[in-house]
Amino acid sequence: MGLSTGTLPALTHLTLDRFASISNLAGQLSNRGFPWHQLTHLCLRDGNQRAWMEVGSIDDFFRQVPNLVDLIIQPLVHPLRRKKSGVVLPILKTFSFSVEYGLGTPSRDAWRAALSFLETPNLSALNIGIASDIDAAIVWECVPPFLQSSQCALKQMTLVNLSQGLTDSILNYTPSLEHLFISPPLSDALADILPNTSHLPNLSSITLYLDALSPRLAPTVVALLESRLRSSEPPDPSQPDPSKKALQNLYIIYRAGRGDEQISSAFRQIWDDHSLKGGLVPLANFPAKEDLRGRTKALSELQALS
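Oh and the sequence shown: position 6 is 6 in the working numbering, straight run, nothing missing.
Calculated directly from the structure, the hints in this document are not laboratory data.
All the pointers check out, no bait thrown in.
Label-pair restraints from in silico Cβ distances:
1) 145 <-> 19: 22 to 28 Å
2) 133 <-> 11: 35 to 41 Å
3) 85 <-> 273: 46 to 52 Å
4) 11 <-> 49: 24 to 30 Å
5) 15 <-> 196: 34 to 40 Å
6) 222 <-> 20: 49 to 55 Å
7) 294 <-> 55: 32 to 38 Å
Where a beta carbon is used, it is the ideal one built from N, C-alpha and C, also for glycine.
Please model the complete structure; the sequences and the hints are all you need to start from.
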């Protein structure tokens, strides 16, 4: 049964779940008059690992959805491209993706090109989650070229399970960032979970989610806050003022547990001493570290409240 023009006039949100071939699925719907151009929000979830293996299928698919403002891909899979330039999504504002135990190929060239199918010049929020060490290597390869080709001025970023080193590498490409949401892996030492923000002059808000609260983190938080009060270099009269904006908001969200009240006392003075908004937020039902998608979603939803 076909869809006549105007059959779904209010359709703007779509989730495609557990699809085997994006080209076959898109072709079948297009032949029935599906209004791809109306979509503003799209979620591609749990596609078969070979879902984009037909050459050019991903390029053809994204040309049909030029009006997207929100895109979710869980997980990212290996696409075979027809050409090097990506499809431009001119009004996409939020892009969320996860990499979960590889892309199905060991090729570093493929890793580097994993996001090459898109260019998002007006992207303002990027949310990334990973599940394993191999995923970290893939993100390290594909995110910098994606940001360079898109030339977007990101305002918000969520990073789940990325190490401090990988976080710092990505933040080098986001000087316009204002709001940062981080859920570090448990393997990171507490003293090393906060990123270097010296190259983020506009950063005004950090939200940090921890699986456990430790008093050893408090001095690290204080050091980061105080570093924002100083310029890293003497100003150059010929260049814009490089001084960093002081943080205005700091939230530390942590999984509630025994003994938290005694530990949290080491932190509470931080907000008073630095005239910060925010605070410590104990939560009993925040998604567990194993729930990568749930945690990424929860943190990205906090963006809307910032």
